[in-house]
Each structure stands twice: as C-alpha cells, then as structure tokens.
Amino acid sequence: MHNIFLFARREYLETVRKKSFIVMTILLPAMMFGFTVLPSMVASKKSNETQRIVIATSDEQFGNEVRDKFTKPSSDDPIPAKRRRTDGSTRSFEVQVDTKVSSEEEAALTAKVSSHEIDGYLWAPANALAERKISYRSRASSDFETQSALSGAIREALLRQSFRKHGVPAEEVSDVLKPVNIDSKKIENGKVTDSSGIALFFTALLLMILLYVTILMYSMSVMRSVLEEKNSRIFEVLLSTATAKELMAGKILGAAGVGLTQIGIWTLVTAPLAAQSISMFGESIHLGLTIGNMIFFGAFFVLGFLLYSALGAALGSAVNSEQEAQQFQFVIMMPLIISAIFLTPVIQQPHSTLAVVLSLIPFCTPLIMFTRILVETPPAWQIALSIVLLVGTIYAMLSICSRIYRVGILMYGKRPTLPEIVKWMKYA
Amino acid sequence: MHTVELQQVRKSYDKFVAVNDLSLNIEQGSIFGLLGPNGAGKTSTIRMMIGITVPDSGQVRMFGEPFTRAHLKRVGYLPETSGLYKKMKVSEQLVLFGQLRGLSAGDSLSRAMKWCERMEIAGWMEKKTEELSKGMQQKMQFIATLLHEPEFLIMDEPFSGLDPVNTTLLKDVLLDLNKQGRTILFSTHRMDQVEKLCSSICLINRGQAVLQGTLKDIKGRYGRSNVHIEYEGPDEFLRENGLIQSFNNYGNFVEVRLAPGADSQRLLHMVAQRSRVNKFELVEPSLEDIFIDVVGKADA
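Here the protein sequences line up with chains A and B, keeping their order. In this text, residue positions in the first sequence follow my numbering: the first is 4, and each later residue adds one. In this text, residue positions in the second sequence follow my numbering: the first is 518, and each later residue adds one.
Simulated from the structure, these hints should not be mistaken for laboratory data. Beta carbons: idealized from backbone N, C-alpha and C, even for Gly. There are no misleading hints in this set.
List of simulated lysine to any residue pairs, SDA-like, C-alpha gap at most 20 angstroms:
| # | chain 1 | residue 1 | chain 2 | residue 2 |
| --- | --- | --- | --- | --- |
| 1 | B | Lys604 | A | Val19 |
| 2 | B | Lys532 | A | Pro422 |
| 3 | B | Lys645 | B | Met605 |
| 4 | B | Lys713 | B | Glu805 |
| 5 | B | Lys606 | A | Ser228 |
| 6 | B | Lys631 | B | Met653 |
| 7 | A | Lys21 | B | Lys603 |
| 8 | B | Lys606 | A | Phe24 |
| 9 | A | Lys181 | A | Val171 |
| 10 | B | Lys736 | B | Glu772 |
| 11 | B | Lys644 | B | Arg628 |
| 12 | A | Lys248 | B | Leu613 |
| 13 | B | Lys631 | B | Leu613 |
| 14 | B | Lys645 | A | Tyr15 |
| 15 | B | Lys606 | B | Arg628 |
| 16 | B | Lys590 | A | Phe8 |
Restraint-style ranges between C-beta atoms, simulated for each label pair:
| # | chain 1 | residue 1 | chain 2 | residue 2 | range |
| --- | --- | --- | --- | --- | --- |
| 17 | B | Lys590 | A | Ile294 | 41 to 49 angstroms |
| 18 | B | Thr585 | A | Ser235 | 23 to 31 angstroms |
| 19 | A | Phe8 | B | Asp734 | 45 to 53 angstroms |
| 20 | A | Glu231 | B | Tyr530 | 21 to 29 angstroms |
| 21 | A | Ala33 | B | Tyr530 | 49 to 57 angstroms |
Stretches of chain B that chain A covers, calculated by requiring three or more beta carbons in the stretch to come under 8 angstroms of a beta carbon on chain A:
| # | region |
| --- | --- |
| 22 | 589-602 |
| 23 | 612-622 |
Produce the complete structure using the sequences and hints provided.
As structure tokens, this is what we get:
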C-alpha cells in the first residue's frame with residue numbers, strides 16, 4: 004500500500020504541475036461555453052437591430068394585418084412570449100405597406116434593398132396570394148428568424164382573411180388564433196420541478212461531452228505515460244523495489260486523482276453559475292447542475308476512468324511507440340464513440356429499451372447511465388445493476404490488464420501479436 | 518555464507534533459452550564478475566536473481582534463504598540503461614527512491630545530499646532530471662541504488678557512459694563499500710574494466726556458464742602462456758612453427774598465445790634469429806583472452 008501511495012502521489016504531482024493541466028482546466032470549460040452558450044448569446048444580441056421591411060401587396064387589409072403583427076405585439080401574440088429576449092428587447096421591425104404591385108415597383112423595391120434603404124420586401128400580388136406563393140426578397144436570405152416571423156404573420160393574416168369571408172366575427176377569430184404554449188417540466192420524486200426540457204437537454208449534452216472528453220483524455224494520458232516510462236526503461240529499477248501491480252495501481256489512482264481535482268475545480272467555479280439562469284437560444288435556461296448531479300458525474304468519471312485507464316495501461320505496456328499505440332487506440336475509443344452516437348436517442352427517450360440495454364453494457368454505462376440519470380432518473384435497480392456490472396468488469400479488466408502490463412513493460416523491440424498478448428494473460 | 522546462490526536456474530522466452538541451467542554462488546563480501554558477450558544472458562540472470570522475472574525451473578537463494586521480495590530491501594540494483602523519471606527534480610526523485618526502499622523522506626533527502634556531494638552533482642539537485650548529462654544521470658542512478666545502504670549491490674554495466682575521471686570516482690566508491698563488507702556483483706561485457714576489481718568471476722555464453730571460479734585460480738590454470746613481443750624486422754616467425762596457437766599482430770608489436778606445452782624460450786630464439794627483439798615478455802592471459810579462448814573452443 005505504501006508503494007501504491009508513493010507512485011500515485013508522484014503521478015499526481017507531476018501531472019498537476021504540468022502546464023497542460025492548467026491549460027486544460029481553463030480551456031475545456033471555456034471551449035464548451037464558447038461552442039454552446041456564446042453563439043446564441045451573440046445571435047440574440049445581433050437581432051436587436053431594426054429591420055425595415057416593405058410589404059408589397061394588392062390587398063391592403065392583408066398588408067395591414069401582417070404589419071400589425073410586427074408592430075403591435077398584443078397579449079395573444081402568435082409569436083410566443085418565450086421567444087422574446089430575456090433582456091426584454093424584441094426584434095424590432097419597421098413595416099410599410101405598399102399597394103402598388105407593378106413590375107416597375109418591383110424593380111424599384113429591389114433597388115432599395117440593394118441600396119440598403121430597406122432590408123427586404125414581401126412580394127405578394129393578388130395571384131401570389133391566391134396560390135399562397137409569396138416571396139420575401141432580402142439581402143440576407145438566410146435570416147431564418149425574420150422569415151419564420153414573417154411566415155407566422157402571413158399565415159395568421161390569411162387565416163383572418165378567410166374567416167372574415169365566411170363571416171366569422173373578429174373576436175372569435177382572435178380567440179381561435181390564440182397560441183398554445185407547451186411548457187415542459189420535469190417531474191422528479193413526484194414533484195414538478197422548474198427545469199425545462201430544453202435546459203435538461205443542454206445540461207445533459209454538456210456534461211456528457213465533458214465526461215466523454217475527460218475519460219478519453221485521462222485514459223489516453225495513462226497510456227502515454229506508461230509508454231513513456233517503458234521507453235525510459237525505468238521499470239527495471241522500479242520492479243526491483245515494487246511489484247507491477249503496485250506500479251499500475253499507483254499510476255491509475257494518481258491519474259484518477261488528477262481527474263477528480265479537475266472536476267472539483269470545475270464544480271467549484273460553476274457552482275455560483277449553476278444557480279443562475281443563462282440565456283440560450285432566446286430562452287432563459289436554468290441549468291440542472293445540482294450537487295447530486297455533480298456527485299454522479301464524479302462517480303461515473305471515476306468508474307469509467309478506471310475501466311478505460313486499465314485498458315490504456317495495458318495498451319501502453321504492450322506497444323513500443325505512439326505510432327504503434329495509435330493502431331490499437333480504437334479499442335479504447337470505440338465504446339465511447341458508440342455511446343456518444345446514441346446520446347440523442349437516449350436523451351429523447353431515456354426509458355426506451357435501447358437506452359436501458361446500452362446503459363447496462365459496462366463499457367457504455369458511464370456515459371449512457373449518467374445521461375439517463377440526468378434526463379429521467381431510472382429505477383434504482385437499474386442504476387444499481389449497471390454499477391455492479393461496471394465494478395465487476397473493472398475488476399476483471401484490472402486483473403487481465405495488469406497481467407499484460409506486467410509482461411509488457413519488460414518487452415522491448417517488436418510489437419506483440421494478439422495471440423502473444425493472450426499468452427501473457429495466462430502467465431502465472 | 519553465500520549472498521546469492523543460483524541452482525540450475527533456467528529461463529526461456531518462447532523457444533529461445535536465455536539462461537540454461539545456470540548455477541553460481543556469490544561469496545559474501547566478494548566482488549563478483551558476471552561476464553559475457555552481449556546477449557549471453559547476464560541481464561536475464563540478474564532479473565531472476567531479484568525477482569523481476571521468475572525462473573522456469575531452478576532455485577534462487579539470497580542471504581542463505583529461498584528468495585522472497587523482502588530480501589530486496591537489502592539489495593541495490595543499478596540497471597544497464599538508466600531508468601529515471603525525466604521530468605522529476607533530482608532531489609525529489611532520489612527521495613522517492615529512498616522512500617520506496619522504506620526510508621523516511623527526511624532520511625532520504627539527507628543521505629541523497631551527502632551522496633550528491635561525494636559524486637559531485639550537488640549543484641544539480643534542484644534541476645529536472647532531463648537537464649542532466651548522461652554521465653550525471655548515471656551517477657544519480659548510482660546514488661539511487663545506494664541510499665538504503667544495501668548489503669548486496671548489483672551493477673549492470675555501471676561504467677557505460679562515464680568518462681575516465683568519473684569511472685575512477687565510481688570505482689573508488691564501490692571499493693570503499695566492499696571494504697565495509699558489502700557484496701558487489703558486476704555484470705559487464707567490458708572484461709578489462711572489471712578484471713582488476715573482481716575476486717571471482719563467472720563467464721557465461723549463450724546462457725551457460727563456461728568458466729567460473731576465483732580469478733586467481735582461473736589465471737593460474739591458464740598459466741603464463743602469453744607472450745608480448747616488440748620487434749623490428751620480418752614477422753615470419755609467426756607462421757612457421759607449432760609453437761604458436763594464436764596471435765594478434767599490431768605491426769611492431771605482437772601478442773602471442775603459445776600452443777599447449779610450447780617452450781617460450783624456443784620462440785625467443787626463433788624471433789631473435791631474423792628480427793631485432795626490443796621486448797619479450799611472458800604475461801598472464803587477460804580475461805578477454807581467456808574468454809575468447811573458451812568461447813572459441815565451445816563454438817568450434
């Protein structure tokens with residue numbers, strides 16, 4: 004035990020002092036933040052500009068109705084309240100109605116768009132209205148937000164028009180057109196919670212990527228450091244004082260300590276943030292980062308890491324160079340990649356057979372079971388069973404891998420074949 | 518008492534037999550030479566001696582008992598290639614090695630300081646190991662094997678990469694330790710380096726002992742059958758008679774190994790007939806000569 008502690012401490016101190024550790028600790032969350040939260044924040048800021056739009060239509064009433072949708076948001080606004088920015092600003096529009104629909108007017112409007120006088124115009128002559136083939140012409144044809152707002156407004160205006168034709172009173176029309184707002188809430192322990200579906204999705208995605216990256220990163224770093232030590236021939240000296248098992252255990256525990264330190268730092272830093280709502284895709288999102296979740300995160304990191312780092316240590320000991328190692332790395336990465344591929348179906352249907360089966364396969368358990376726990380707490384027996392299976396597999400892998408490791412670290416020169424590695428496992 | 522006894526020890530890797538039923542005894546307090554060419558099985562033998570690998574058959578005894586890992590606390594092993602953590606500070610690394618051997622951190626550090634001063638690398642203790650030259654790393658590795666004051670020291674090619682000054686430094690330390698009663702095992706293919714140090718040797722080739730005993734006995738067995746001749750003139754004498762078994766000719770200097778039973782005086786007479794003799798000396802064969810002789814016979 005004393006030796007394991009010495010090796011673990013050495014491993015821990017050496018890694019924590021590395022610049023790469025500090026860089027990763029800061030960079031990884033920054034990158035995740037950058038890839039998810041930042042773009043939507045930037046996007047919502049940008050849309051504060053005023054859009055100047057001309058509605059060119061032969062039907063003035065239709066034009067006015069569309070314009071009113073934009074300029075007079077009312078309580079029964081078909082654009083759901085949620086779509087408004089949390090900072091209180093809405094995308095503002097300046098809409099004019101133009102009843103001239105001649106081809107000269109079309110050319111004139113096109114010229115105005117080109118000269119930045121207006122941002123775009125809706126071309127809706129009578130025949131286009133009849134065929135419901137209205138075109139919107141602007142410089143930014145991919146401004147989906149404006150387009151979707153427009154199409155909503157147009158549809159409502161057309162609906163009103165047709166209701167009017169059938170003699171339905173205006174109040175009744177408004178009533179019919181009142182929007183339905185589905186506000187999804189998670190039920191946990193028999194109580195309706197505050198966390199919304201979309202927030203949960205992003206939290207799950209974020210944490211799962213973080214888990215994926217940390218497990219992969221740390222098991223690879225175990226592999227690389229075993230390889231490095233093998234090449235520096237340090238094992239000859241160490242094996243005259245300690246056993247191969249102690250060496251491997253020390254290395255893995257040291258690296259696990261580093262991983263937990265990193266996760267601990269992230270938890271501490273994000274804890275104040277977690278309580279607050281952040282703005283994402285125009286919604287106020289309350290991240291489901293509870294302490295319980297972070298404990299599960301730590302637990303599944305440790306378990307997943309132990310499983311994959313044992314593989315990493317065995318791999319690092321069996322090969323002679325990074326290039327050789329790369330040919331075998333897929334063995335480690337494959338189950339992780341598979342877990343990542345099935346992430347979306349699992350988040351959407353956390354209780355499906357697929358999700359249950361995947362979460363019970365030990366190599367997928369860390370990522371998939373963790374995701375399931377975040378999205379919808381699975382039955383306790385499933386969590387327990389997955390952990391029991393995982394721990395059993397870890398035990399088996401550690402014992403198999405330590406055998407490979409023990410022989411591998413003293414084998415230099417040629418790359419072992421698979422039958423040779425199998426033979427190593429059988430050595431007493 | 519014997520510090521180490523190997524009895525019919527055997528180790529094979531697949532079909533290759535690295536050590537073939539080797540038996541040897543290392544007397545307590547002696548300086549023992551495990552000699553042989555590259556690939557003879559020296560390192561494989563050492564690895565079995567200290568439990569890094571387990572022999573396929575045969576027995577290893579240490580300090581008079583069957584080998585157990587507990588004995589390792591009394592052994593210091595300097596491996597052939599230096600094995601150090603490159604990124605660790607010299608002082609930290611030496612402390613770690615001391616702790617692995619059961620010393621406290623404080624003890625390890627004070628002993629490491631003392632040794633670093635003696636080995637003239639005290640100024641480097643706060644540097645990273647990778648910043649040290651190869652020779653300094655070798656000295657550092659050497660210190661790491663000595664920290665716990667082992668009774669039995671195993672030195673696998675200890676002088677490789679060291680300049681003559683440092684070789685002498687290391688040699689003096691080892692002789693000092695031997696005087697204090699510690700047993701030392703040298704393993705090397707550079708026989709000239711340890712010839713003057715060892716009291717007994719075991720010559721191995723292809724995993725088997727080809728010659729072992731005290732150096733005195735072995736040399737005595739071979740007698741003064743070597744002749745060094747410095748001459749001027751033709752060297753036909755080297756070819757024409759049954760007196761010479763083999764020779765190394767360097768131009769004006771030749772090392773001759775006499776045929777068994779040949780009389781050196783007859784050779785002198787023959788050389789003097791046609792050439793001018795500046796020096797004619799009967800010498801003991803060097804270990805290298807003996808080795809080449811023994812191995813040559815075995816291979817023939």
